[in-house]
Amino acid sequence: MLQISDLHATVADKPILKGLSLTINAGEVHAIMGPNGAGKSTLGYTLGGRPGYEVTGGSAMLEGADLLEMEPHERAAAGLFLGFQYPVEIPGVSNLQFLREALNAQRKGRGEAPLSGGEFLKIAREKSALLKMDMEMLKRPVNVGFSGGEKKRAEMVQMGILDPKLAILDETDSGLDIDALRICGEGINAIMRRPDKAVLLITHYQRLLDYVKPDFVHVLAGGRIVKSGGPELAHELEERGYEAVEGAAA
Amino acid sequence: MSAVAEILPTRAEEDWRYADVKALADLWPLPERETITVPAGGSFARSIVQTAGGVTRLSLVLEAKASAALHVLNAGGPYARVEIDVVLHEGADFTLGGAQLAQTGQTVEIVTKVTHAHPDAVSRQLVRSVAGGQGVVTYLGKVKVEPGADGTDGEQSVRAMLLDRTATANAKPELEIYADDVKCAHGCAVGELDANGLFYLAARGLPPAQAKALMLSAFIAEAFDGAEEGDHLQSLAQKLLEEAL
Chain P
7 MLQISDLHAT VADKPILKGL SLTINAGEVH AIMGPNGAGK STLGYTLGGR PGYEVTGGSA
67 MLEGADLLEM EPHERAAAGL FLGFQYPVEI PGVSNLQFLR EALNAQRKGR GEAPLSGGEF
127 LKIAREKSAL LKMDMEMLKR PVNVGFSGGE KKRAEMVQMG ILDPKLAILD ETDSGLDIDA
187 LRICGEGINA IMRRPDKAVL LITHYQRLLD YVKPDFVHVL AGGRIVKSGG PELAHELEER
247 GYEAVEGAAA
Chain X
18 MSAVAEILPT RAEEDWRYAD VKALADLWPL PERETITVPA GGSFARSIVQ TAGGVTRLSL
78 VLEAKASAAL HVLNAGGPYA RVEIDVVLHE GADFTLGGAQ LAQTGQTVEI VTKVTHAHPD
138 AVSRQLVRSV AGGQGVVTYL GKVKVEPGAD GTDGEQSVRA MLLDRTATAN AKPELEIYAD
198 DVKCAHGCAV GELDANGLFY LAARGLPPAQ AKALMLSAFI AEAFDGAEEG DHLQSLAQKL
258 LEEAL
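Protein chains in written order, with this note's numbering: chain P, 7 to 256; chain X, 18 to 262.
Just so you know, the hints here were simulated from the structure itself, not pulled from any lab data. Hints are not guaranteed to be accurate.
Partner residues are not named here, just some residues of chain X that face chain P (Cβ under 10 Å, in silico) [unchecked claim]:
1) Val139
2) Leu143
3) Leu215
4) Phe216
5) Arg221
6) Gln227
7) Ala228
8) Ser234
9) Glu239
10) Gly243
11) Gly247
With a cut-off of at most 25 Å between alpha-carbon atoms, the simulated SDA-like pairs for lysine to any residue come out as follows [said to hold, decoys possible]:
12) X:Lys130 with X:Arg182
13) P:Lys157 with X:Ala238
14) X:Lys256 with P:Gly155
15) X:Lys161 with X:Thr52
16) P:Lys114 with X:Ala226
For every residue, glycine included, the Cβ atom is placed at its ideal position computed from N, Cα and C.
With the hints as constraints, model all of the structure from the sequences given.
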């Protein structure tokens with residue numbers, strides 16, 4: 007599904023990713039953990055194509071297609087979903103209008119026919135129910151006036167509607183209370199835990215991983231993956247801290 | 018030709034300081050100013066759609082407790098101007114929502130003069146402008162409160178969005194107040210589209226032009242709030258924005 011090899015990236019000329027390699031197969035859930043400043047969010051933004059995140063070496067392929075050659079909207083159409091740590095507010099643009107336009111733009115990019123208003127609303131209703139989000143909220147402007155937890159749930163509704171192949175979720179668990187964490191976790195499982203999809207969770211904490219059980223856990227430090235393992239690695243990190251685990255890896 | 022030059026305004030005149038006087042010459046002589054008096058207690062509404070340039074001039078007199086709502090879509094070129102003069106009598110209520118769009122080679126402006134001649138009148142003016150390429154958008158808005166017009170409540174909200182560093186927005190909200198008990202608020206901002214917002218929309222699959230059009234259409238939508246033909250104005254504006262991007 008996703009093959010990253012020896013990826014180097016800079017932000018404002020400062021090297022952040024320094025030779026990161028990672029392979030994610032269809033059907034797998036991977037978690038990337040790491041201390042502040044390790045490059046976790048940079049990895050997400052670089053794969054998403056955010057302006058200002060410059061790739062200086064290496065490659066990233068999504069199902070054999072060169073992600074780094076594509077514009078951000080083309081990456082979305084190719085099946086990439088980037089969940090934002092801080093979802094952006096867009097005043098005046100309703101969630102429903104935005105998502106319908108986004109979904110149909112993606113479908114157009116893939117050579118598929120656009121969905122009618124009715125077909126779209128059916129999907130939107132289904133996915134908002136899955137995340138226990140009132141449809142009324144989707145009529146409101148994108149993320150405007152949403153609480154931190156509502157923003158993250160809205161992100162998961164977006165993911166459900168856009169139905170990506172690969173989701174990179176950047177600290178989806180931050181700002182969530184216990185109930186919202188469970189709802190988001192269950193949402194991720196329902197939407198993405200499928201043999202033809204894959205997930206990369208970027209997180210600081212074990213707690214989201216209690217709901218979305220990763221198949222692989224990686225430790226990112228200094229712009230590279232310094233240790234990989236199974237779910238037990240997350241527990242070890244939680245108990246011993248990054249320094250101890252990194253130290254053992256180095 | 019010389020006779021025309023004598024009566025054409027020059028940019029030394031405050032109301033014409035950002036005008037494209039050369040393009041104006043081709044529109045000369047200007048159309049007659051239309052004058053409408055809304056009788057006491059009456060109401061009036063109009064949408065002014067000028068999308069291929071030109072000059073529209075309107076004078077409104079609102080008698081006591083009369084109300085009027087104007088919604089303006091102003092675009093096209095080379096020169097497009099909407100001039101509105103309003104005189105408010107006691108307790109009258111005036112609303113203006115204006116949206117305008119200029120591209121390279123176009124100078125587009127809304128010029129208003131609202132006079133609170135008597136007490137307790139309300140005026141609300143909201144103008145949203147978009148300029149791309151080397152386009153020029155201007156809003157000159159004067160609110161005058163006459164002596165004795167206490168209880169005046171005036172508000173101006175003026176915002177402009179520049180799509181390119183080469184575009185120009187001029188905004189001059191102006192207050193001239195000769196009464197004591199007056200509430201006049203004005204806000205004015207010139208900016209560009211939020212880069213974070215654009216990346217967010219792109220990351221969800223919207224191509225750049227579509228993402229910009231969506232954000233701009235939300236930006237100007239406020240100008241058509243409450244307009245009877247709001248949806249129609251919005252879809253016309255949307256079409257213009259898509260052409261401009």
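Checklist entry - If you draw a straight line from the CA of Lys157 of chain P to the CA of Ala238 of chain X, is it 25 Å or shorter? => result holds (24 Å)
Checklist entry - Can the hint on Ala228 of chain X be confirmed by a CB-to-CB distance to chain P that is less than 10 Å? => result Ala228 of chain X check passes; min Cβ-Cβ to chain P is 8 Å, inside 10 Å.
Item to check | Hint check: 10 Å Cβ-Cβ cutoff, Leu143 of chain X to chain P | outcome: This hint is violated: Leu143 of chain X lies away from chain P, its Cβ roughly 13 Å from the closest one there, beyond 10 Å.
Checklist entry - Does the alpha-carbon distance linking Lys130 of chain X and Arg182 of chain X stay inside the 25 Å limit? => result It is violated: about 30 Å lies between the C-alpha atoms, which goes past 25 Å.
Checklist entry - Taking 10 Å as the limit, does the beta-carbon of Leu215 of chain X come near enough to a beta-carbon in chain P? => result Holds - the Cβ of Leu215 of chain X comes within 10 Å of chain P, reaching about 9 Å at its closest.
Item to check | Interface hint outcome for Ser234 of chain X [beta carbon to chain P under 10 Å] | outcome: holds (8 Å)
Item to check | chain P contact restraint on Arg221 of chain X - CB to CB distance below 10 Å | outcome: holds (4 Å)
Next on the checklist: Less than 10 Å between beta-carbons is the criterion; does Gly243 of chain X satisfy it with respect to chain P?
Outcome noted: With Cβ-Cβ at 15 Å, over 10 Å, it is violated.
Checklist entry - Given the proposed pairing of Lys114 of chain P with Ala226 of chain X, does the C-alpha separation stay at or below 25 Å? => result holds (15 Å)
Checklist entry - Once the shortest beta carbon distance from Gly247 of chain X to chain P is found, is it less than 10 Å? => result violated (14 Å)
Checklist entry - Does the interface hint hold: is Phe216 of chain X within less than 10 Å of chain P, judged Cβ to Cβ? => result holds (5 Å)
Item to check | Status of the Val139 of chain X interface restraint (C-beta, 10 Å, chain P) | outcome: violated (25 Å)
Going down the numbered hints, you'll see the structure goes against 1, 2, 10, 11, 12 and 14, while the others check out.
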